[in-house]
Amino acid sequence: MPAPDPDPTKPDRRNVQGLVAYRYEQPRYAVLLFSIADAGLARGFLRSWLPRVPRGDQDPKSLTGPVLNFAFSWTGLSKLLAADPALDAASGRRELDWAFTDQTPDQAAVSSQLGFIENSAPANWWGKHVAPADIHLAVYMAFDDDDQATRSLAEIRTSAALSGLAECKLPEFGQGALSGYRPEGGFLHFGYRDGVTSPAIDWDDSKQSGTVDFREFLMGYPNDDYPVAPQNPGAWRDFARDGSFACLAWISQDVAAFNRFLDANAPLATRHAAPGFERDWVAAKLLGRWPDGSPLIRHPERPPDRPDFDDAFGYGDDKAGLRCPLSSHIRVVNLRDQELTFVNQRRFPGGPPRFVRRGFSYGPKLTGSVDDGIDRGVIGTFICARVNEQFYSVLRWIQKTDFAEGYFNLPYAGSMQDALFGNRKKPGSSARFPIPFESGEPARADLVDFITYKGVAVLFLPSFTALARLT
Amino acid sequence: MTHALNLTLPLKQDAESQAKLKQLEAIFTDQVQPKIEEALKKSKLVHFARVVVIDNKYIQVITEYEGDHQEYTEFFRRELTPVFGAIFGLAEGAPSSSDSVAFWEYSKTNNRRSLGQDTTGALDFSGNPAGWLFSAYDHKDVRTIQAALDKAGA
Ligand code: HEM
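Taken in order, these protein sequences are the chains called L and E.
329 is the number that the UniProt record's numbering gives to position 329 of the first sequence; each next residue is one higher, with no gaps.
34 is the number that the UniProt record's numbering gives to position 34 of the second sequence; each next residue is one higher, with no gaps.
Keep in mind that the hints were calculated from the coordinates and are not lab data.
The model shown is predicted, which means the values in this text are computed figures rather than measured ones.
All C-beta atoms, glycine included, are put in the ideal place defined by N, C-alpha and C.
Do not rely on the hints blindly, as some may be mistaken.
[As the list claims (entries may be wrong)] Now the in silico label distances, taken between C-beta atoms and shown as ranges:
#1 PRO304(L) / ASN128(E): 52 to 60 Å
#2 VAL52(E) / GLY40(L): 52 to 60 Å
#3 SER48(L) / PHE48(E): 54 to 62 Å
#4 SER91(L) / GLY89(E): 21 to 29 Å
#5 ASP88(L) / THR120(E): 38 to 46 Å
#6 PRO60(L) / SER96(E): 39 to 47 Å
#7 SER96(E) / ASN124(L): 34 to 42 Å
#8 ILE27(E) / ASP88(L): 37 to 45 Å
#9 ASP224(L) / ILE62(E): 26 to 34 Å
#10 ALA89(L) / SER114(E): 30 to 38 Å
[To be verified] Simulated coverage check for chain E against chain L, where a stretch passes if three residues somewhere in it have a Cβ under 8 Å from a Cβ of chain L:
#11 39-49
#12 102-108
#13 115-126
Please work from the sequences and hints to get the whole structure.
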């Protein structure tokens, strides 16, 4: 199928990689990371596997594995485009998002801001055997079953080796690469259901309420509210159009520490949670949703009998966080109707940052509060169009909740952290988690580290038009 | 953590640009200063700010502000686009202030490091240890200082 002609006013779903448009139904996943030695051979590799990359207008139910997606680091992209005079690296550096071409997450200029310190520092990433700069190409794969995963991985690895691609191997994983599974019922390692919310992309630019401007996710259509790079008309903007950034994060979860935290703090729930729900109440205060996915703002004392997935809620009638604490995860990473600080209102005239989130879990389930020494966690992909304004901003807010006015009112503070995912060693931030009540003193829990970042990369997820130029 | 901006731009030396510089100086108090003042006041991020011209050869924008350098670059660009437009229009090699990538790159390249070394672990725009910045308030942020003053009834 030829690549569709780009429309300069709005995106064509057929031109967008499937990963942006929908969640795959496949149960098994892997992300292979490669270094490119020879651009010509690498192009051949991409060309031969391109038919397995689904388009954004396909029905995910109709897809059979292996399903592939291609994403590139700036080094990888510039290697592949070295012989393309219209897309020279110097002008690419001038036009593209600098968080992709220059200040990538592993760079000292940004890493400590984003919480990549101590155990999560870039020096420890990728098992210490892959240098961030060696990651040129990521092949994001979805499989129908384990057998298919094993067969397809072998096949693609053989093809890659013949194409001069050196794999950035991660022996920590059984498959030798980031790999895992769609968790049963959507329940992640901490026991929360994920995949409840996802922004409804306004593909037609209808501005309908409840939808999110496609410019939040796609390059190529900058306007005043969304000054998405490349802003200047020209070859790079045309190339980037209908492409996104896939911010890939290998996040290890300390389930034993999390369970110990719930056990230790369950007494805080006495008289506040329905009897029997004390532990889940603490978990819900941390996330802003009950483990079954129901929002705490609507169900403050216990989850409903059947999970409530209605996402049409805000925090307007809970400004003090009496039902849903201000530093709970979902209140930090999706602000909804909370009043941003003046500076952030000006930064985000189209609304606070949003993401298309994709991902999968890895590692065996752990129950109980004793660690078994086995790594487990999630491989998350946060898709957006502006890295500094979206991905980096929200990572900063996870470390320090100074982004919205309400957070400066006692018992809160602008120096709090996302209750689940802040790095507690971040200087200038506080690990105190206040849980206020209608009356009486707020409860306070001392947060610990629940996660470690083990590798983060900002990758370009090109359109089919751009892939045609790369193959 | 308080950071310093020592943006130092070489001024164009042709007669037309120098005449524009004179114009900017003439209207600064009445037209430019209030705009900057309003934006910075609302920002609750900036401690001090000033614009300095050195012998008609350089123009400096000097501020002490909160937050990581990268975090609020888009706020300053968006909120003060006409002001930066006027200043950039006088400077050598300056991009359009409506281009977010070029704005960041130009600010990064032209931010001059102060002598010495910061004692709080602050980094410059490129991730190197920042130059020395004295703070009488132990680098307390604007909101904390304002809240303390409000409480003291100042
Ligand atoms: C181990 C790491 C993480 C885990 C286990 C995790 C888990 C969750 C869960 C269970 C939800 C609620 C389910 C839902 O709303 O669909 C959620 C929501 C969300 N998370 Fe995370 N998360 C993690 C890290 C992050 C990071 C690093 C970011 C941002 C960069 C992020 C952004 C979001 C967003 C935007 C939502 C949707 C919130 C909403 O729309 O209400 N998450 N996450």
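Okay, the hints, checked on the actual structure:
no.	hint	verdict
1	PRO304(L) / ASN128(E): 52 to 60 Å	holds, 53 Å
2	VAL52(E) / GLY40(L): 52 to 60 Å	holds, 54 Å
3	SER48(L) / PHE48(E): 54 to 62 Å	holds, 60 Å
4	SER91(L) / GLY89(E): 21 to 29 Å	holds, 23 Å
5	ASP88(L) / THR120(E): 38 to 46 Å	holds, 40 Å
6	PRO60(L) / SER96(E): 39 to 47 Å	holds, 42 Å
7	SER96(E) / ASN124(L): 34 to 42 Å	holds, 41 Å
8	ILE27(E) / ASP88(L): 37 to 45 Å	holds, 41 Å
9	ASP224(L) / ILE62(E): 26 to 34 Å	holds, 29 Å
10	ALA89(L) / SER114(E): 30 to 38 Å	holds, 33 Å
11	39-49	holds (count 4)
12	102-108	holds (count 3)
13	115-126	holds (count 4)
Violation of the numbered hints given earlier is absent; every hint is satisfied by the structure.
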